[in-house]
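Visitor: The primary structure of each chain is shown beneath.
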Amino acid sequence: MAILVYIEHAGGKVKKTSLEAVSFANALAAKTNEGEVVAVALGAIGDDELASVGSAGAAKVLHASDDRLSAGVIQAHASAVAQAFEKVGAKTVVLAKSSLGDAVAARLAIKIKAGLVSNVVELPDTSSGYQVKRSIYTGKAFAMTAVETENKILAIKKNAVDLKTDGAPASVESFEVSLADSDFASKITSTEQATGEILLPEADIVVSGGRGMKGPENWGMIEDLAKTLGAATGCSKPVSDIGWRPHHEHVGQTGVKVAPTLYVAIGISGAIQHLAGVNSSKYIVVINKDPEAPFFKAADYGIVGDAFEVVPKLNEALKAEL
Amino acid sequence: MKILVCITNVPDTTSKIQFTDNNTKFDTTGVQFIIGPYDDYALARAVELRDQTGGKLTVLNVGLAESDPTLRKALAIGADEAIRVNAEPKDSFFVASQIAHYAKEGAFDLILMGRESIDFNGGMVHGMVGEILGMPSFSPVMKLDLEGSTVKMAREIEGGKEMLEANLPLIAGCQEPIAEWKIPNMRGIMSARTKPLNVVEAVSEETQAEATQYQLPPAKGAVKLIDKDNVGELVKLLKNEAKVL
Numbered sequence: 001m002a003i004l005v006y007i008e009h010a011g012g013k014v015k016k017t018s019l020e021a022v023s024f025a026n027a028l029a030a031k032t033n034e035g036e037v038v039a040v041a042l043g044a045i046g047d048d049e050l051a052s053v054g055s056a057g058a059a060k061v062l063h064a065s066d067d068r069l070s071a072g073v074i075q076a077h078a079s080a081v082a083q084a085f086e087k088v089g090a091k092t093v094v095l096a097k098s099s100l101g102d103a104v105a106a107r108l109a110i111k112i113k114a115g116l117v118s119n120v121v122e123l124p125d126t127s128s129g130y131q132v133k134r135s136i137y138t139g140k141a142f143a144m145t146a147v148e149t150e151n152k153i154l155a156i157k158k159n160a161v162d163l164k165t166d167g168a169p170a171s172v173e174s175f176e177v178s179l180a181d182s183d184f185a186s187k188i189t190s191t192e193q194a195t196g197e198i199l200l201p202e203a204d205i206v207v208s209g210g211r212g213m214k215g216p217e218n219w220g221m222i223e224d225l226a227k228t229l230g231a232a233t234g235c236s237k238p239v240s241d242i243g244w245r246p247h248h249e250h251v252g253q254t255g256v257k258v259a260p261t262l263y264v265a266i267g268i269s270g271a272i273q274h275l276a277g278v279n280s281s282k283y284i285v286v287i288n289k290d291p292e293a294p295f296f297k298a299a300d301y302g303i304v305g306d307a308f309e310v311v312p313k314l315n316e317a318l319k320a321e322l
Numbered sequence: 001m002k003i004l005v006c007i008t009n010v011p012d013t014t015s016k017i018q019f020t021d022n023n024t025k026f027d028t029t030g031v032q033f034i035i036g037p038y039d040d041y042a043l044a045r046a047v048e049l050r051d052q053t054g055g056k057l058t059v060l061n062v063g064l065a066e067s068d069p070t071l072r073k074a075l076a077i078g079a080d081e082a083i084r085v086n087a088e089p090k091d092s093f094f095v096a097s098q099i100a101h102y103a104k105e106g107a108f109d110l111i112l113m114g115r116e117s118i119d120f121n122g123g124m125v126h127g128m129v130g131e132i133l134g135m136p137s138f139s140p141v142m143k144l145d146l147e148g149s150t151v152k153m154a155r156e157i158e159g160g161k162e163m164l165e166a167n168l169p170l171i172a173g174c175q176e177p178i179a180e181w182k183i184p185n186m187r188g189i190m191s192a193r194t195k196p197l198n199v200v201e202a203v204s205e206e207t208q209a210e211a212t213q214y215q216l217p218p219a220k221g222a223v224k225l226i227d228k229d230n231v232g233e234l235v236k237l238l239k240n241e242a243k244v245l
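Protein chains in written order, with this note's numbering: chain A, 1 to 322; chain B, 1 to 245.
It is worth saying that the hints were derived from the structure and are not from the lab.
Okay, the calculated beta carbon distance ranges per label pair:
1. A:Met1 - B:Asn240: 41 to 47 angstroms
2. A:Ala30 - B:Asp80: 51 to 57 angstroms
3. A:Lys297 - B:Asp80: 40 to 46 angstroms
4. B:Glu233 - A:Gly230: 17 to 23 angstroms
5. B:Asp12 - A:Lys319: 41 to 47 angstroms
6. B:Asp12 - A:Asn218: 29 to 35 angstroms
7. B:Glu233 - A:Ser128: 45 to 51 angstroms
Listed below are several chain A residues computed to face chain B (Cβ distance under 10 angstroms; list not exhaustive):
8. Lys111
9. Gly115
10. Asn119
11. Gly129
12. Lys152
13. Ser182
14. Thr189
15. Glu192
16. Leu200
17. Pro201
18. Ile205
19. Val286
20. Gly305
21. Asp306
Ideal Cβ positions, reconstructed from N, Cα and C, are used throughout, including at glycine.
Please model the entire structure based on the sequences and the hints provided.
Guide: Pasting the structure below:
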């Protein structure tokens, strides 16, 4: 018996959100006596890197190194994970919510006849039945969800669990998957991805700018502050709509939903649709010259002042401290 | 070309979320219901593709009679006919089963919907329908063009996008900027009244993961304001109080 974790990797590294999923599975296995945690990794990645997944609590990593799996082809990944599920005799699959993870989880749910819960925020309550707490209404509420099936898939939200870092290295086992042509019915022709940057959905700190920044030429100070904090940069919807910043930086109801430990909003008024994308943040700092900006009501700390004055000063003060 | 667009009937994005009946039901008091914002993008793109290729655009909702005004709005925006599967949308699997059944009967070339509903945010229905029907599924799709039977798409990934090609038939969960939302005009609103809205019964009752109880997050404490000439104080608070640095 084992819990299976589908892990993703990029640039030769296992994603931090996937390590959180392994940590979650480790805590879950202890709670439900489901044995060890086995991770499955697809495509080209180094075995040393995979062994390091042990630190988060995986005993073993199954590695299907078939190069056709290096690109995130949704159906092929779903088939491969279903085969790993059969192989280890698992009842539960845990994975981190992501663009690829969500797409794979949905198809996997049908393949292995599993009840699927997404946006899971804490370990299931197994005192009566199997109740899973998930975030709904874009972070404005939670639902306790009764999973009625024997097989289960939990897609976890960022920060659902503390990252475990003290486990022993995992054993890495190569894993043959059999894939049909129909698994590759789609072709990824090219990928455009910001490199060397901290990815917004995975960032622990996010610095976002809004229309108060007055123009894309002023984003230097947002980027400087983000660099000092080791943060990802985001923006409000109007800013991406008018093309000051790329769409993948748009934080909000219809953009990226973030759950960092610290969210810094600069020159963003705090429309309800923007707040829906940030309300899972642990701490929120708002810098805005309008004391009536609704964002202050959702903030932990606020500075009423002109961003052009405050942000460079804050950056200097942080540099002195860090 | 036959296009199916699946829409959700959800509270407006500005709604105050509250629950009744001992936190087991969503409180609809004073709440306005709309086409899911992501579904609205899917519908807008579908209208453009229907106009480009000819054919028929069907819009489908799994829901009770209160969804009818939302389906009428979709007809006003440009769908040719509407189907309502007369059942409460209990969970992703239940909804996907209904859609898959109807989609199979209708032999659609292209099935579009939003990347996720804005009430339960699961984002799972398109993938489940795809797997049930043995059709490729893609999400979140931010661009979708047809070249013959080839579909060229852009899918958003963390920090960027990937460009994809696949053949019809397929399913896509859509998001901006795939198309601009369309606002119904007077002619559309008038013609929507006479377009067919057919109600069909659910084909299966099976559910897998139903919500049983709701909770609201704890209320946020008051904001601590820091003087703009004393930013060092903020740094101290972040370091010593919030412990996030």
